[in-house]
Each structure stands twice: as C-alpha cells, then as structure tokens.
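Trainee: Please put together the full structure from these sequences, using the hints given.
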Amino acid sequence: MLEQQVNQLIGHLFRHEAGKMAAVLTRLLGFQSLDLAEDIVQDTLLKAMTTWKFKGIPENPSAWLYTVAKRKAIDTLRQQHLHAHHHSEISYALRSEWTLSPTVNSFFLDNEIEDSQLRMIFACCHPAIPYESQIALTLKTLCGLSILEIANSFLTNEETIVKRLYRAREKIREEKISLEAPIPATMPGRMDAVLHTLYLLFSEGYNSSHPDRLIRHELCEEAMRLCLLLINNPITKAPKAQALLALMCFQASREDARLGKDGGIKLLREQDRSIWSQPLIEKGKFYLEQSAEGDEFSEYHIEAAIAGCHARASTFEETNWETIETLYTALLRMKPSPIVELNRAIAVGYAHSPKDGLEALQKIKDLENHYLYHAAIGDFYSELGDTKNACLKYEMAVSLTSSNTEKKLLRSKLEALRRGSEK
Amino acid sequence: MEKYMLIFFGGDPSHLSPEAQQAHMGKWFAWVEKLRNENRYVGGEALLPGGKTIKGQKKAVTDGPFTESKEVVAGYFVVNAKNIEEAVQIGKDCPDYELGGIVEVREVMKFDM
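Residue numbers (my numbering), protein chains in the order written: chain A, 1 to 423; chain B, 1 to 113.
It is worth saying that the hints were derived from the structure and are not from the lab. The model shown is predicted, which means the values in this text are computed figures rather than measured ones. No residue lacks a Cβ here, since even glycine has one placed at the ideal position from N, Cα and C.
So, partial list: chain A residues that the calculated Cβ filter (under 8 Å) puts toward chain B: (1) Phe14; (2) Gln42; (3) Thr51; (4) Lys53.
Derived SDA-like pairs (lysine to any residue); straight-line CA-CA distance at most 20 Å: (5) A:Lys55 / B:Trp31; (6) A:Lys47 / B:Cys94; (7) A:Lys55 / B:Glu33; (8) A:Lys163 / B:Ser17; (9) A:Lys55 / B:Gly10; (10) A:Lys55 / B:Arg40; (11) A:Lys55 / B:Pro49; (12) B:Lys27 / A:Pro61; (13) A:Lys55 / B:Val103; (14) A:Lys55 / B:Pro95; (15) B:Lys3 / A:Phe54; (16) A:Lys47 / B:Val32.
Take a look, some chain B residues computed to stay more than 12 Å from chain A by CB distance: (17) Met1; (18) Glu38; (19) Arg40; (20) Lys52; (21) Gln57; (22) Lys59; (23) Asp63; (24) Asn80; (25) Ile102; (26) Arg106; (27) Val108; (28) Lys110; (29) Phe111.
Mentor: The following block contains the structure:
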C-alpha cells in the first residue's frame, strides 16, 4: 500500500533514473567502465534515499539526482585522468579542467540523456551479443533492474543471469563495442536487432507463465518505454519501430481480460471485451497509421495489423477473419514458420469452415511436438462434432505442455466434451 | 509533552535494487507522515557517512568515525511523546529494523525550569 503511494507520486523514478544515469555516465567514462558507472549510480541513489527519507522528495527529484551524479562523475574523471586510457571524441574536453565541468553538465541535459540512452540501447542489442545476454544487459543497465529481479522475471537463478551478463561484457570487450559512435540506426541490421530484442522482451512479459503478474506487466512496460524512446527521436523513428509499438499497444490492451479470476488464461473468444483498454487500442491505431507512412513494410506491420483486427472487433463473431487470413498469408511469405502456418490455418477455419481449417492444419509439418497444434486440431474436431478425435487431440496437447494454466484450459475443454457426449 | 530524540544507527540499504530502495523510502515517508498527522514530529536530519573526529587536549583531527556500518549514526528525529514508553513505541515503527538498523531513544533535556 505504502509502496503504491510512493509509486503514484514518483513512478519508477529510482529505477528509470538509474537507467538514464547509467547511460550518461557510461558515455562519459567509456563502455569498458560500465561497473564504475553503475557504482556511481548506486551511490547517488543511496544518497538520495538517505536524505529524502528524512526530508521528503525534493521538488525536482531528477535534477537533484543529476546534481549528485554530476559531482561524482567529475571527481571520478579527475582521478581517471591521472592514468588516462579512455579515448573518445570527448576525452580531450574531459582532460582539461576548463572544459571538464561544462562537458559533464552538458551531457545531463534532457536531449543528451535521451541520446545516451539510445546509444546504450544499440550497444546492449549489438548483434554480436547473444539474445539472452542482450535482454539481461538491457534490463540491468537501461531499466535499472537488479540481478535478482531479472532472475525472478525469467524464473531462473541469479547465477544464470550473472553468466549471461558476463557473456555480454566479454563481447563488449572483444568487439570493442562503444557508445561513442553516432547512433547506428541507419546501419543495416542494427535497427532490426534492437527491435527484435524489444519484441522478445515484450513477449517474455506477455506470454510467460510467470505466476507474478506484476513482473510480467513490468517487462511489457519496459519494452514499450524503450520502443517509445526510439520513436521519439528523429534518427531512430523508423516505421518498423512504430509498427512494433502498435503491436505492443494492441496486445497490452487485452492484458486484463486475458486472465481469469483463477489465474487461468482466457481465450480471445471468452474474453470480456468491455475491459480491453480503449486508450491503448487508440494508441495502437495511431502508431499503426504512422507506421504506414514511408515505403517500409515489415513483419511488425503485419502482426500489428492482425492484432488491430482483433482489437476492432466488438465481439468474437464480428472478427474479420478473411482479412486476418490474408495478413497471415502475407506474413508466411515474409517469415515462413510452422507457427505462422498454424495461425493462418486457424484463421482459415473461422473465415471459411471448420473443415477447411482442419484440412489446412493437417497439411502443416514439423509441429507434431507442439501442444498448440494438437489443441487447434482438437478445437476444429470439436466444432465438427467429432468428440472422439477431439478428445484424443486434447489429451495429446495436455501431455505436450508444461504450463499448468494451459493444462487447466485443455482439461476443462476435455471435461466439457465428455459431459456433452454422455448426455 | 516531552521531547525525545530518536537516533538511527546503521540500516544500510546499499545492497537493495533501485526499486527496493524506493519502496523502502516509501515506508519512511509513511512513517513521517503518520508522525506529522499525530503532531509528534518536531524535526530531523540525515547524516552523511564519513566526516571528521576532533579529540584530546591537542584537538587532534582524524578522518572518520570509520566504525562498522551498523554503528554509524545515519540521522535523528525529534518527536513529542508523553513519556519514554510512548517514545519507544514510536521508535518501534522505524522501517530500518529489516535492514539491521538500531534506534536509540533519548529524552531531550529541558532548560526552562
């Protein structure tokens, strides 16, 4: 309760400012001195906490933090400069006592903070770093999460996260990744790598079976926040990024409706659409429209358009399945995958008939070990009145998933079918 | 009503994550808010670690006190209370015990006898 009061007052101020300060300080001290930058951030927050708990939150808490961080940065740079080995476009300015303070100060201006954060995003999502390490590093440095918090959000232990972070740092050293170069948004592949990492981060929050809803929500929120950061900057404002944010908005709008009171997953058909977040749907529509400007057309465009179709339908029956089928066909051409094929087949089933859907599903290869595949076939058998085959398929699906929520859902379908056939 | 000083020792939150630090700070806000509403809060200050110590006839100045972190004075409150028991009761609400903090409760001497 008390935590909530403070969070209402200052949001995730500590965590978000930790990320901002880490980005600025890392730019000043060099990416190799990430640890040093994190120490300064930690000291700064500590000072804020010890003072504010007695005195209350100052009028401009961010400015208060930056003043402390700046002072600590200047001290550190002065000491560093005795055995200077840090080379960057600004190292000259940092070496002279005349320009040291003004340079440090200028890096704490709003637009420079944003710039540092963007450089940090591109550095953390460097293609040379494995994805798992990219996400861990992003959450640690840009979102201010501790190792324990990251471990919790991925249902793993601290040791695993430490290893992932270690691998990231190893790559930073080997590849000499730095924050000094201009934002490489126009470099082929770099923007895609960043967007893909944000997409994975969002999916982790949205699709994971983590028991704590707050943690899942936070991962989604962070992915959206970083995506918005890309869009707000003219250099990184790519239509692809806008499409990705649109997709995230549409998905997030259903967050509350997706979970039943017992914590089980509610399917699109069963969801109470009146509690879908209209503001998020509107934002999704807005970014989707924006993303259509320009000649770029990505998988995020299609996925956002599909999510948008669902968001626009006021009931499940009113869903425009023909459009969704067309979109999945386009997506399949761009990104061939059995899962996309599966989704397309389901759309075919609703757009035309369960029989067509079933036939489309049976043509798919390489999904025999995937529970969703069997569950989808079971659904169409069930609609066609073939209880025996439907039950067989649902049982197969139960044996293939490790998620308890999914198992619960499948078992309830099985029960309903058996009850129906007894009558 | 008498005045009592609550002196806070230790309670080092440096191992907490930013989010957890903010949450802990929230507990302090709630506590101070409650004391203010009950007209008990008179004032308080936070102290930075480090500092200097002056000692002896020769007024020798040394760095520190660099004692163990749990013995470092982190700050103080002055509160209104009927008696020492009530002041202790107030001190029990301090959120720092979960971080190994210690609170000393002392009566402030009155001079206007």
